[in-house]
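Chemist: Listed below are the residues making up each chain.
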Amino acid sequence: MTRGFRRRFRPLELLSEEQCNEVHHGMLEVLEKTGVLVDHERALDLFRDKGCRVDFDNKRVRMPSYIVEEALQKAPAVFTVRARDGKDDIVIGGDTVYFTLFPGMDTVDLDTWEPRSPTLREHNEYIALSDALPNCHFLACYPYFGYKGVPEVLKILEGIAVKLRNTTMVQTCCYSHGCERFTVRMVEAIEGMEAMGATHSAPPLSFSREMVDTYFTYLEADFPLWIGGGPVLGGTTPVTIAGSMVVSNAEMVAAVVLSELIRPGARVMVHDYALPINMRTGSPDFGAIEAVMHQAVFNQTWRRYGIPAVSTNAGPVSSKKIDFQCGYEKAFAAFSAAISGVNVIQFSGGLYGELAAHPLQAILDDDIAGMVGRYLEGVSVNADTMALDLIEDVGPIPGNYVGRAHTREWWQREFFTPKAADRLPLPEWLKTGKKDCLDYARERLEELLSTHKPKRLADEQEEKIEGIMREAREYYRKKGLIGDSEWKEYMAIIESDEYPYSR
Amino acid sequence: MSEVLEELRKSILEYDADRAEEYALRSIEEKVDPLKSFEAMTKAINEIGEGFKKGERWLPDLVGGADAMLRAAPIIEREIKKRGVKRQSLGVVVAGTVFGDIHSIGKTMVCALLSAEGFEVHDIGINVRADEYIRAIDENGAEILVLSALMTTTAPEMHKVIAFLVEKGLRDRVKVMVGGGAITEGFAKNIGADGYDPTAPGAVKVARSLVGR
Chain A
1 MTRGFRRRFR PLELLSEEQC NEVHHGMLEV LEKTGVLVDH ERALDLFRDK
51 GCRVDFDNKR VRMPSYIVEE ALQKAPAVFT VRARDGKDDI VIGGDTVYFT
101 LFPGMDTVDL DTWEPRSPTL REHNEYIALS DALPNCHFLA CYPYFGYKGV
151 PEVLKILEGI AVKLRNTTMV QTCCYSHGCE RFTVRMVEAI EGMEAMGATH
201 SAPPLSFSRE MVDTYFTYLE ADFPLWIGGG PVLGGTTPVT IAGSMVVSNA
251 EMVAAVVLSE LIRPGARVMV HDYALPINMR TGSPDFGAIE AVMHQAVFNQ
301 TWRRYGIPAV STNAGPVSSK KIDFQCGYEK AFAAFSAAIS GVNVIQFSGG
351 LYGELAAHPL QAILDDDIAG MVGRYLEGVS VNADTMALDL IEDVGPIPGN
401 YVGRAHTREW WQREFFTPKA ADRLPLPEWL KTGKKDCLDY ARERLEELLS
451 THKPKRLADE QEEKIEGIMR EAREYYRKKG LIGDSEWKEY MAIIESDEYP
501 YSR
Chain B
1001 MSEVLEELRK SILEYDADRA EEYALRSIEE KVDPLKSFEA MTKAINEIGE
1051 GFKKGERWLP DLVGGADAML RAAPIIEREI KKRGVKRQSL GVVVAGTVFG
1101 DIHSIGKTMV CALLSAEGFE VHDIGINVRA DEYIRAIDEN GAEILVLSAL
1151 MTTTAPEMHK VIAFLVEKGL RDRVKVMVGG GAITEGFAKN IGADGYDPTA
1201 PGAVKVARSL VGR
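Top line first, the protein sequences correspond to chains A and B. Read in my numbering, the first sequence has 368 at position 368, and its numbers run on one by one without any break. Read in my numbering, the second sequence has 1094 at position 94, and its numbers run on one by one without any break.
Honestly, the hints are just simulated from the structure, not real lab data. The beta carbon of each residue, even a glycine, is placed where N, CA and C say it ideally should be. Each hint should be verified, as a subset may be incorrect.
[Said to hold, decoys possible] Residues of chain B clear of chain A, computed beta-carbon distances all greater than 12 Å:
| # | residue |
| --- | --- |
| 1 | S1002 |
| 2 | K1010 |
| 3 | E1021 |
| 4 | D1061 |
| 5 | L1090 |
| 6 | D1101 |
| 7 | I1105 |
| 8 | E1120 |
| 9 | H1122 |
| 10 | N1127 |
| 11 | E1132 |
| 12 | E1143 |
| 13 | D1172 |
| 14 | I1183 |
| 15 | L1210 |
[Unchecked claim] Derived Cβ-Cβ restraints for the label pairs, each shown as a range:
| # | chain 1 | residue 1 | chain 2 | residue 2 | range |
| --- | --- | --- | --- | --- | --- |
| 16 | B | K1168 | A | R470 | 26 to 32 Å |
| 17 | A | L15 | B | K1036 | 38 to 44 Å |
| 18 | B | K1168 | A | R442 | 46 to 52 Å |
| 19 | B | E1003 | A | R48 | 50 to 56 Å |
[What the hints assert, rightly or not] In silico SDA-like pairs for lysine to any residue, Cα to Cα no more than 25 Å straight-line:
| # | chain 1 | residue 1 | chain 2 | residue 2 |
| --- | --- | --- | --- | --- |
| 20 | B | K1168 | A | S485 |
| 21 | B | K1082 | B | G1064 |
| 22 | B | K1205 | A | N278 |
Excised from the complex, chain A in its bound form:
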């Protein structure tokens, strides 16, 4: 099992118990009075059959609080997700905190900082890197949206295949144009494995048809769900943190109710991706402190519901470069999320919005994750760690602790050593080329890619995956979603040496 980190202290709480109750009751009132829009007949029938008030003309579902409370009770507080190898299974919930990659549609050019499509090789390498990073505990959706030359409609599926081929970790699968039907089959082709199915709501208080389809598809395959929304304070929710929390919690709770109606006992976790709107550009302000606070309150309220909480807003930043702003935006968000009781932090590698990600950023973020993890493990206080006998033995100057057995025994457990940080004294730094963290990250990337070889799929599994991909290609081509020139460029990749799976 992948251990992750354990939070060994009481989590930070921004709300008093009374405030937490108010937000909870506000959420119940919204679900009962305002309700949610669900553009899906099968789901509407299900809600009606279970006692919700359904207005079929307006596709509006209003939920009595007893149904809501019942659904929250049914969802497990802790659950396991099975990986390809048992050693990579994850157990989500409780005081465990996992870190995972944050997606970017493209990679970035490190000279111009402009996004560009990654190649297949870059995509493969990014996943192999994540497999090697000590603080990447499983994979979220993507991280890249396919690679250069893949038709838009197949980017998610090709990305899933890349992940299956380059890591044994648990992965999460997104959706588009009904690709979940192929995803489920690919995952099931690897005996014993399951994946997290990612699905969403659409703020405010809405669920589109395609989204709801994914709830059914993934839950009928008995996959656990990663449910997310993307509320924008002042855009799709009230501008206030309290108002936004009420409406975004109502949305997430409605998603949990739907999941538990489809499959009682369904394993679900919910994420917060709330960001304030920028009043000039209309874009979400990634890395904003209000997003960090929103997440802390979210964690507190979902701990009350006993459902694992995910932080998604710690991954993306407003900065377009790997720079100071990028570092502080990420570190603030990850640290606050971790100490306020989150279970999963979708974090490493993400740069601006969901539009860019980079392996060097993932290496730097892995160090932030390690530092946060160290903090979470807390301070161990016992006779060994207090070391009173040793203190007595060493005494005042000229005594010291450097060469003592106690130091050798404990320092690696007590200290976290970042792998890509500059911690040299100034004279040595001057002598050794004045390297910064990005230089160290480059070296680490090269080293990990040359030494770490992910465990490949068995030939039989590989044949099944490629067979399903072939079917998907034909399916979308026949549907007219892949144009002639796209198809030609795509086939050139599939038939090249870069893609050894098709022969």
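Mind docking chain B on chain A? Use the hints.
Modeler: Just chain B, lined up with the frame of chain A:
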């Protein structure tokens, strides 16, 4: 300017959609020239736009003004049609958020600014299927199609709409503009769109250049 026109202009400047609707109806009762009513509204939305550019007004002001204008505009447009007069237009636009996506803020902003600029805008809403775009293009004789998507999962739907335009033989007849949180210039180029801009004011410039006016 008559009192009703002044009130119509003020209602938009003060982001009051109810009042804008009320004065739009009253302007018809009082037989005010609908072209003048439209001009009053356009003047107001341009004033807000100018304030926005100068940093004196903010996004909630822009969208508040747009909402007020979008409430009043169809009433005035109906009257224009009824009287058989022709409003000078830079071009006819059909706009909507693609199927699977139900976000509307960005699209609404673009529609309002295009309308203020002098385009005839038909906002066909959210969660729009490819065939619904085609119908709207046909019905309104559109020269520009505006596709919006916020989510990375729904952005590929734009490709589907463009493929459908080709299939129906309409691709040469309309210019396709794309935008939204999930859209980049590279993506727009990949799917064969004619225009893209990350901002609503930028989208107006793109639209003008696409119709060459």
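Chemist: None of the hints should be skipped; say for each whether it holds.
Modeler: Here's how the hints hold up against the structure:
The beta carbon of B:S1002 sits about 35 Å from the closest Cβ of chain A, which is more than 12 Å, so the claim that it is off the interface holds. Every CB of chain A is more than 12 Å from the CB of B:K1010 (nearest about 23 Å), matching its label as outside the interface. For B:E1021, the shortest C-beta to C-beta distance to chain A comes to about 22 Å, beyond the 12 Å cut-off, and the non-interface label holds. A cut-off of 12 Å between C-beta atoms contradicts the statement that B:D1061 is not in contact with chain A; the least separation is 9 Å.
Every CB of chain A lies more than 12 Å from the CB of B:L1090, the least distance being 23 Å, so the non-interface label holds. Residue-level check failed: B:D1101 sits 7 Å from the nearest beta carbon of chain A, not beyond 12 Å. Non-interface status of B:I1105 relative to chain A is broken: a Cβ of that chain comes within 12 Å, the nearest being about 6 Å off. Taking the minimum C-beta to C-beta distance to chain A, about 24 Å, the non-interface status of B:E1120 holds against the 12 Å cut.
The claim that B:H1122 lies off the interface holds: its Cβ sits roughly 22 Å from the closest Cβ of chain A, which is beyond the 12 Å cut-off. Listed as outside the interface, B:N1127 is inconsistent with that label: its C-beta sits roughly 6 Å from the nearest C-beta of chain A, within the 12 Å cut-off. Look at B:E1132: its CB is around 14 Å from the nearest CB on chain A, clear of 12 Å, so calling it non-interface holds up. With a least beta-carbon separation of about 23 Å from chain A, B:E1143 lies farther than 12 Å from that chain, consistent with its non-interface assignment.
Under the 12 Å C-beta cut-off, the non-interface status given to B:D1172 relative to chain A holds; the minimum distance is some 16 Å. A cut-off of 12 Å between C-beta atoms contradicts the statement that B:I1183 is not in contact with chain A; the least separation is 10 Å. Under the 12 Å C-beta cut-off, the non-interface status given to B:L1210 relative to chain A holds; the minimum distance is some 22 Å. Checking the proposed 26 to 32 Å range against B:K1168 and A:R470 shows it holds: the Cβ atoms sit about 29 Å from each other.
The supplied range of 38 to 44 Å is broken by A:L15 and B:K1036, whose beta-carbon atoms lie about 54 Å from each other. As the Cβ distance of B:K1168 to A:R442 is approximately 50 Å, the hint placing it in 46 to 52 Å holds. Evaluation of the 50 to 56 Å hint for B:E1003 and A:R48 yields a pass: the beta carbon distance comes to about 52 Å. The suggested pairing of B:K1168 with A:S485 holds, with an alpha-carbon distance near 19 Å, which does not exceed 25 Å.
With a C-alpha separation of about 28 Å, the suggested pair B:K1082 and B:G1064 falls outside the 25 Å cut-off, and the hint is violated. Among the hinted pairs, B:K1205 with A:N278 is consistent with the structure: their alpha-carbon atoms are about 22 Å apart, no more than 25 Å.
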